[in-house]
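K.L.:
Residue numbers (my numbering), protein chains in the order written: chain B, 1 to 877; chain A, 878 to 1023.
Check before you lean on any hint, since a few could be wrong.
[Unchecked claim] Pulled a few chain A residues facing chain B out of the computed Cβ check, cut under 8 Å:
(1) R903
(2) N978
(3) I995
[Unchecked claim] Each pair of labels, with its calculated beta carbon distance range:
(4) E824/B <-> H905/A: 38 to 48 Å
(5) E631/B <-> D963/A: 53 to 63 Å
(6) D735/B <-> H905/A: 30 to 40 Å
[What the hints assert, rightly or not] Calculated lysine-lysine pairs in the DSSO-like style (CA-CA distance at most 27 Å, straight line):
(7) K651/B <-> K912/A
(8) K651/B <-> K906/A
(9) K795/B <-> K785/B
(10) K640/B <-> K720/B
(11) K121/B <-> K62/B
(12) K295/B <-> K337/B
(13) K950/A <-> K720/B
These are computed hints drawn from the structure, not numbers from a lab.
These numbers come from a predicted model, not from an experiment.
Beta carbons: idealized from backbone N, C-alpha and C, even for Gly.
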Amino acid sequence: MSIRTKLLINVLLLVTSLLVIALVLNIARNEIADSVRRADFADRIVIGVSDMNAITYDYLMKPGERARRQWEMKHTSLDDLMKSAKFKRKEVIVIVQRIMKSHEDTALFFKQLVENSEKKKHASVSLRALLDENDERNVTQLMARSQIMASDSYLLARESEVTIQKALTWSVWFITITLVIMIVIIGAISFFLSRNITASINTLKAGTEIIARGDLEYRVPVRGRDEIASLSLSFNEMAGRLKDVDASLRGEIEEKEKAREALRIANLYTRSLIEVSLDPLVTISAAGRVMDVNKATEDVTGVPREKLIGSDFSDYFTEPGKAREGYSRVFSQGFVKDYPLAIRHTSGRITEVLYNAATYKNDKGEIQGVFAAARDITALRAAQNALRKSYDELEHRVEERTAELRESEERLTHALEAGELGIWGLDTKTGKAWRSLRHDQVFGYDKILPEWTYQMFLAHVLPLDRKEVDEKFGHATSIGTEWNFECRIRRTDGAIRWIWAQGMPRLNERNEVVSMVGLVRDITGRKQTEAETERLATFPRLNPNPIVETDMAGNVQFVNPAADRLFPDIREHGLAHPWLADWEALVRTCREGGKEANVREVTADGRWYLQTISFVREVKRIRIYGLDITERRTAELELKERTVQLEAANKELEGFSYSVSHDLRAPLRAIDGFSMRLIRDFGDKLEEDGVRKLHAISRNAQQMGQLIDDLLSFSRLSRKEMHMSRVNMEAMARDVWREIKESNPNRELDFRIVNMIPLFGDASLIRQVVVNLLSNAVKFTRDRKPAVIETGSRKEGSEITYYVKDNGAGFDMRYSDKLFGVFERLHRPDEFEGTGVGLAIVQRIIHRHGGRVWADGKVNGGATFNFTVAGKEKNIA
Amino acid sequence: MLEGIIDVLLIEDNPDDVELTLDALRVHKLANRVKVLRDGEEALDYIFCTGQFADRDICVRPKVILLDLKLPKIDGIEVLRRIRSDERTKTLPVVVLTSSNEQKDRVDSYELGVNSYIVKPVEFDNFAQAVADIGFYWVLLNKLPF
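Chain B extracted, bound-state conformation (with noise of 0.2 Å):
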């Protein structure tokens, strides 16, 4: 049996015991249950009863329904409680059947009480005495009844108590018992557990002490089968493998003795070679602590061999840092190769090295160390410092050079830049040619072209000019002068440009050109400026007007050829000529008010100039212009005259008018009315042919009256200011209309105006006209019944026509011509009246508005008169 299962068992034995007095309480706190349910059940019986009791005495003192009913509630609420009541033990169902029967029995009884109080309420005295004695026997009952239902309860609660009681103590016996049986138990079989194993581990621990002295033979005693045995077992068979090895490795050591004799002579050789060595070698652990030296380590750091040996093998270097970073690069890749230290002697003495290091392992692979070897390199490093000083000293003079060539061709490049230069160069032998980037670009290019040669060149020259060109090169290779010429050449876009060009011979020393270098620029831009300088040049040289141009000390700067042969002497005189008479004050206007010119008139050789003195800020000169004015300053004087002629005859035809209108109307007057008082006074006295001469005399002085008005008029047409407005055609039409239809009562008259156009000019004068063409209408309609006369206007393009149409007599066309004539007429007087001056004013004042006016008719066909007035219409809107 294992120890294992030994302890399985007990604890077992420990769970078992303990679920057996979980029992035990178990069944111990059902009986308490049921023990208290019990004595529940008995008090509420009790309590019952009583109630009843107190309900039984108050139906007594009170007989009724209500106490009836409740004590029946009462008493089925007992009887509830009593059927619904469940035990189990058979002395307690005995007593709670017992007071079932009791309890049945008060129902008995009170049943007949009830019935005695019916009986009661309708009995007779004397029976009412043997009923009051029954009820008092039926109460003596109920009582006797209660009172054995109450000590049945007490009992069962009695009961009750000596039961929980008796359960109690059992189970408390019962579980003191059980555990002091299991302790004893559990206590011994540990007890023997743990005696058994404890001498099994001993007897085990002695052996293998015996073993581990040395006694490879011993064997452990193997008891039981437990695992300590299996262990002593493994033990013993253990103590045998160790006894074979122990045999074979004996033999090991003895050869390995051997073969470590025959390596400590073959080191001592290589130690010697290492401590010849003039380097110095050092190996280092993998901690970094000096394992080895040889002699020139020692010699080199100052330091002997013991000391150095253990200790940090960086503090013998003047930059351990660097030291140590070379140290840990022949870790990272296995060695390094001239890497560059400086040891320090302790005397101070510095030693550079270079230093060859690589790591060395074992026969794993697995690394152990660094063998370092230092060459000593003193003597070269002096020698390189040297070296690299005078090299900086030359690359530093290089760099000033270099710095001053940049500089320079700098320099070149802007200025040729600036100057719109190619450059080139030609081997005359070869013909081929180096050029500038913008040498190619005059050329038409936009990039250097891979190869340029004077044919190349001599092809973009034009026809015309490429004869020359290639002669002066002839000429300029041959006797080794410049090259300089202009030409026109076509640019590979098409483009013809202006080009100059010039270039210098480079001579060998037998004095034969072999190369020439040159520049060329684009003077197109030149050439058009001077082509256009040429031009402009003309304009004061053809001026027919003298010009003049000086500086401001008055020197003569230019003077046209006009002015040159008006002035031959201004150049001499310059300023102090006449012809510049005055000229500062006007120049200063200039100058300071900012004026441009000055014009005023001067008079030179007889003839009259309009002057013009500018000052030319620009370029600070005085520039004068004349401007021959004779021709129109006669003009003038001439128009002068005239105008003041005809001013004079104006007013002379002014002074005509107004004694006309005056003079000549008193005769006329005077005739008219001696005539008439004649004709009043002495008309009994004279013949019928003397009268109607008088009247014949008065009505030729009224006729001449009239021609005298309307000649007035007429001229003042001429005279009348024009105020230019809007006129509202239609209603001028309708107004006149109404006037002349009141001043013809008589006359049947059809009048139409059919679409008047609104109208731009002098309203008082085109009333006129419409009074006028409106009145000679109804005048020429006079035989016609009704007279239609209709009055209208027609656009026709930017022309608008008005009219005014009648059905009168008419004319003939062949008189048109005569219709607007001042006196003229077509009709005699005794057919139709007037003066004929009505139309000689309408085409006066049409003519005035810078119109037209015409007729059309026939005789007996109605006329058509029209006008139009200038292109004003656009103002009407």
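Assemble the complex: chain B is given as a structure, and chain A must be docked to it using the hints.
P.N.:
Okay, now just chain A, sitting in the frame of chain B:
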């Protein structure tokens, strides 16, 4: 005929016109109290009581002055200006009766404050009617301030 009392002062140089005017005024029996003056100078002398009319009483005022414009020596416009520029005479009614239909004459007359401007019609009938109407209106109908 009351001494010096006149209704109409007729300033007119043309004797024919004077006769025709007086003839027309006779219609309303106004011809008796008319004073005719033949030129501008005479007219001014009469109105301002100078020269040959120095002993005339200036307070005796005509009811209307009929003034021709074209007069010898001093023309009608000047006469009108003098009348209007004197405190004593500026309220006198003046009617220009002339042959002139010139706008200038009309404008000048009205600017000087003429009371009426009549153009003499050439036709005698019309003329006679116009003069008769003027006489009737100014002498018989119109009321003066003083």
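K.L.:
Was the hint right that I995/A lines chain B, CB cutoff 8 Å?
P.N.:
violated, 13 Å
K.L.:
Regarding the pair K295/B and K337/B, is the alpha-carbon distance no greater than 27 Å?
P.N.:
holds, 22 Å
K.L.:
Is K640/B within 27 Å of K720/B, Cα to Cα?
P.N.:
Given that 27 Å is the threshold and the Cα spacing comes to 23 Å, the pair holds.
K.L.:
Do the alpha carbons of K950/A and K720/B lie within 27 Å of each other, as the hint requires?
P.N.:
violated, 30 Å
K.L.:
Given R903/A as an interface hint, is its Cβ closer than 8 Å to any Cβ of chain B?
P.N.:
Since chain B brings no Cβ nearer than about 12 Å to R903/A, farther than 8 Å, the hint is violated.
K.L.:
Holds or violated: K651/B with K912/A, Cα cutoff 27 Å?
P.N.:
violated, 36 Å
K.L.:
Taking 53 to 63 Å as the stated bounds, is the beta-carbon spacing between E631/B and D963/A within them?
P.N.:
At 59 Å between Cβs, range holds.
K.L.:
Given the hinted pair K795/B and K785/B, is their Cα-Cα distance within 27 Å?
P.N.:
violated, 31 Å
K.L.:
Tell me if the beta carbons of D735/B and H905/A are separated by a distance inside 30 to 40 Å.
P.N.:
Holds: the Cβ-Cβ distance is about 37 Å, inside 30 to 40 Å.
K.L.:
Could you tell me whether the CB distance from E824/B to H905/A stays inside 38 to 48 Å?
P.N.:
Given range 38 to 48 Å: holds, Cβ gap about 45 Å.
K.L.:
Has the given pair, K651/B with K906/A, been kept, meaning a C-alpha gap of at most 27 Å?
P.N.:
violated, 44 Å
K.L.:
Please check whether N978/A passes as an interface residue: C-beta within 8 Å of a C-beta belonging to chain B.
P.N.:
Cβ of N978/A sits 6 Å from chain B, so the hint holds.
The structure shown violates the earlier hints numbered 1, 3, 7, 8, 9 and 13.
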